[in-house]
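From first to last, the protein sequence lines are chains A, B and C. Those letters in the first sequence? Residues 1 to 428, by our numbering. Those letters in the second sequence? Residues 1001 to 1174, by our numbering. Those letters in the third sequence? Residues 2001 to 2512, by our numbering.
Hints are supplied without guarantee of correctness; some may be wrong.
[As the list claims (entries may be wrong)] Mimicking BS3-like on lysine-lysine, the simulated pairs with C-alpha atoms at most 30 Å apart in a straight line are: (1) C:LYS2246 to B:LYS1130; (2) C:LYS2136 to B:LYS1130; (3) A:LYS70 to A:LYS81; (4) C:LYS2133 to C:LYS2119; (5) C:LYS2224 to C:LYS2347; (6) C:LYS2214 to B:LYS1106.
[Claimed, not checked] A few chain B residues that face chain A, going by a derived Cβ cut-off under 7 Å, partial list only: (7) VAL1009; (8) GLY1027; (9) ASN1038; (10) ILE1057.
No lab work stands behind these hints, which were simulated from the structure alone. C-beta: ideal position from N, C-alpha, C; glycine also.
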Amino acid sequence: MTSLDILLIIVRVAFGAFVPLCFVAVCVWMERRGAAFFQDRSGPNRANIMGFRAGGLIQNLADAVKLFFKEDIIPGHIKHKFYFVLAPMIVCVTALVSFAVVPFADTLVLGDREYVMQAIPMDIGILWFLAIAGFAVYGIILAGWSSHNKYGVLGGLRSAAQVISYEIPMGLAIISLLVVYGTVNLSEMAQFQGQLLFGFIPMWGVLLQPLGVIIFIIAAFAEANRTPFDLAEGESEIVAGYHVEYSGMKFTIFFMGEYVAMFTSSAIIVTLYFGGYQIPWFNTATLLKFAVPVALLVMAAVPVIGKFVAAWIRKNNVSHYDRENDPRVREANVYIKIVWGLVILVEAIFFLYLVFASGGAADHILVALLQVCTFLAKTTFMCFVYVWVRWTLPRFRYDQLQKLGWNILLPLSLLNIFVTSAIVVALS
Amino acid sequence: MSIKVKTIVRQGKSLQERLYLIEVFKGMAVTFRHFLRNFLDNSKLYVRHYPEVKPEITPRWRGRHRLTTHEDGSMKCVACFMCQTNCPAKCIQIEAGERTDGRTEKVPVKFDIDLLECIYCGYCVEACPKDAIRMDTGIFSVTGYKRESMLMTMDDLLATKGAFSEEEYKKGGA
Amino acid sequence: MAEMVKLFVNGQEVEVESGKNLIDAVSAVGIEIPHLCYHPALGADGNCRMCLVGIEDGRPPLVPACKTPAAEGMKVQLDAEHIKKIQRDVMELELINHPTDCPICDQAGECSLQDYYMKYDGQESRMTVPQVKKGKKLDFGCGVVHDQERCVVCGRCVRFTREITKTGELGIVNRTDAARVNIFPGQPLNNRYALNVVDLCPVGAMTSTDFRFKQRVWFLSKEKGICHGCSKGCNIFIDHNREKYKDEVIYRFRPRLNEEVNGYFICDEGRMTYKWENDQRLITPRANGSEAIKSAAVDSLRNAISQASKAVFLVSPSSSLEQQFAVKAFAEQAGATVLGFSDGYIKAGDGDDYLIQDDKAANRAGLALLGIDATREAFEAAMAEADLLVSFDNALGCSYDQDGLAKVLGSCTLAVIATNSDSLSEQATIAIPTASYSEYSGSIINCDNILQAFARAVVKNDPPEDIVEIVNRLGGELENNQQVWAALKKAVPTLAEVEPEQIPEQGLALTS
């Protein structure tokens, strides 16, 4: 095992572990500011460090500090303290681990070695996700039961019934997907989606499985306990459901687990149906072939994007009331300088690449970086969809939820398997 | 004579609506329009930048109470207990005593309003036969660090001046 | 039973007592005729004209109800238009010079003028000339404050001093709108029933300095009670109120009609006894000479009684029949001597021929009925060999001076169950607070041998226990008033036929 091998293992595991955690902050921020903008409010925008609000991101820091320093309470009536403490950990860890099989770039070829860009390179792929994600419900049931609280138990029960109902359509949707892709390996699935349908349409899962994607997304929302399927914590009827007795750091871990699960299922949806890390019309081979023109294109695009971002900051980062010597304008000046600094940095890196390193291993690394960016962009957008749906749709009633799962999604997914198989058989 | 019956048209029976998904996308389009508008120009948010920008208080606003005085500074209140009698929250506590300034015979020696119990209904103002208590201070944010600081004594209530001119207050419907 | 006659009021047939005037007669069947100057105790004066009623086909067609006896077949008009106009006009005249200072007037809420304005008048004043100014806040003596502007010159107060107290301090001077009630120069009210004019006054012209500005009357709960100030047992209203975050406080006593006992009035001393219900109450129990919780004090008294070789129980002549009997029964059970010595309660020569009695104990007749010896000789003889004296609310300090008390007590242990804190309770080894007569229900026998029952009027935040309950906790067998009465009926032949629940409002005259 060379030092390069070890380095890449560290890089991949670090990506798999830290990116979801970083995205917790991003998702929470997106949720709160997004919710505000959907509702014509401004959302959290007061917390600041030396006058810098970072668009509200500092609020997350303040919340985190508050939660860290809260007293760690285990209510006196709780008999099974071990399970009570274990529950949030299960929720968070399962969400994190299930991200481990998601490929965030195409197989990296360095010299004569190939590196599968997953945190844990293994072949079982989607089965791992199904297996681990199903575990998360144990955390919720355990939390509800060990809380020794009516609302907690009800929340746990609801969650268990919901997960059972929606695992089935989800699994069946994946079966029809497997029929199309002919593999369970997520890397291979992503590579499959790099092809072109009829020579000009990217062969993404969403086009091959239009019904399957709807079923899967609905089921994924239900699995992640997000609105409109968040009955497990229906605050209007069961206060906060399974985490009613949790506070401080244990609640934080639940909270983080929820957002990691959201990020992970976004990543899975992107990988299965939206081409994963693939840039449309530019699969890995194409990108490698045209590495230099692509680099030049990026170099041209980055200042343009920088200009738009700067203009947006200039316009929106001001106080909307009479204020002498507006500190938010000074704040905006700093942000704009940072944006342009980043633009110059990117330009410099590409310039150095073009002058010194084009061709060879650097091309592969460049392509991998582009794909990572693409993957993260797609996943972020999918997270945004989660937020978007949450602030658009009201919560289902419980019977409606079960009816949707069993009466509609289950037959539809069976039909989907049937039709897909028929077409695949007919075409082969 | 029959009762007036308004028939409400039931929505949600057409196939397009029962498919639900199309309606979901329609709804998402609506919310996204809001998002985009606010995202691109956040000056369009329907937000008051409180506390920098204070809300405009009208003379009819029922703010914190005050006790009014005659021109010479003597209290208008004669301790008739009408406000205490009418108070639905029982937050007014009065003790009456002899008046010595020659106006009438009776004056409160204690006039406490517990703002923690007050529900700001304004019945005390309406009940007052002497226009001695008003809620025209324009104080809408009542805060304190201690319970005791939320108890307004007679001196506190007399010290606050009204936020409006007499004409404005009268025009406000008082 | 008086003879009944049938007459018509507003066309409706009613049966009323004959011989009474129309106001009293029809008020007995629940029909109100407004009146200001008439008072049943003072008779008809006919000066206010508020009670004018129409008599259909009568001669004259318009009569003052207070001076017209009810007669068979009379057709009384009360709601006819011309009668209503008369009432409105009388009200308008009364209100011409009335200051309408209801916000500061203590009478507001129980003021006839106020009630009648709302009921019969309700119009704005048409007067444009300034009102006549008269004297305000005049001190009439005896705690009566007079406001001449509020006065409607009905003359009730004047008639009271002339007819009831026969002292005649008040008079009406001047005529027309200068008429006013006044005292003679340098001759203020000076009689022991003067405060009744405050109750008599239909408006707020007469107010009491004691009650002045203390409470608005609509806050007060008005419970029935019996004054324990002397052996007359006058019927009273106990007006009390619990202010927010405070305890029950009694604000005043008012006379309550009982033809058999006190009529319409009470004396001023009795009226002021309410202060003893509020102030100087014994609050903290004591055991072995230091402060203790109540159960500890009761326990220590129980031990003291069981260890005493010779105990004397001293009951109070003011306690209720039930309490006296419970103590007596307990004394027999515990082998103690029960006595009722209470010479200090008697103030010889203090009484008069109207209501006030020499004997300031409310239930001395009860002692006699139960056969409890109240003589000084018996008490001093018993004390000579006793080693424990338990006073059941007996104010022994009135019967002896300090030295005399020390002498009679000797080395005897003193335990006191008392309502109020006094020198006796302060020197007692054991002291247990108990309920006063506004806080328990019971029955008493007055100087005229009339048995009257009264109910619990006031429930304090931390209600002290009744003597019957304390005796029960000390080891007595009788738990409550019902059980006491059951035993009482067996033990006392006079009471054998008496049902405690059925003692009439007027009291039951005992014959024996």
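Problem - Distance restraint between LYS2224 (chain C) and LYS2347 (chain C), which requires alpha-carbon spacing of 30 Å or less - result: holds (27 Å)
Exercise for the section: Classify the hint on GLY1027 (chain B) as holds or violated, based on whether any CB of chain A lies nearer than 7 Å to its CB. Expected result: holds (5 Å)
Practice task
Against chain A, run the beta carbon of ILE1057 (chain B) and see if the smallest gap drops under 7 Å.
Solution key: violated (17 Å)
Problem - Hint consistency between LYS2136 (chain C) and LYS1130 (chain B) [alpha-carbon to alpha-carbon, up to 30 Å] - result: holds (20 Å)
Handout entry: Closest C-beta approach of VAL1009 (chain B) to chain A relative to 7 Å, hint status
Key = At 21 Å from the nearest chain A Cβ, VAL1009 (chain B) fails the 7 Å test, so the hint is violated.
Exercise for the section: Using Cβ atoms only, decide whether ASN1038 (chain B) comes closer than 7 Å to chain A, and label the hint accordingly. Expected result: Status holds, d = 4 Å.
Problem - Straight-line alpha-carbon gap LYS70 (chain A) to LYS81 (chain A), limit 30 Å - result: holds (19 Å)
Problem - Pair hint outcome, LYS2214 (chain C) versus LYS1106 (chain B) [Cα-Cα no greater than 30 Å] - result: holds (11 Å)
Handout entry: Agreement of LYS2133 (chain C) and LYS2119 (chain C) with the hint, judged by alpha carbon distance not exceeding 30 Å
Key = Roughly 27 Å separates the two Cα atoms, so the pair holds.
Exercise for the section: Could you grab the alpha-carbon distance between LYS2246 (chain C) and LYS1130 (chain B) and see if it respects the 30 Å cut-off? Expected result: Between LYS2246 (chain C) and LYS1130 (chain B) the Cα gap is close to 28 Å, so the pair holds against 30 Å.
The structure fails hints 7 and 10 (numbered hints given earlier, in ascending order).
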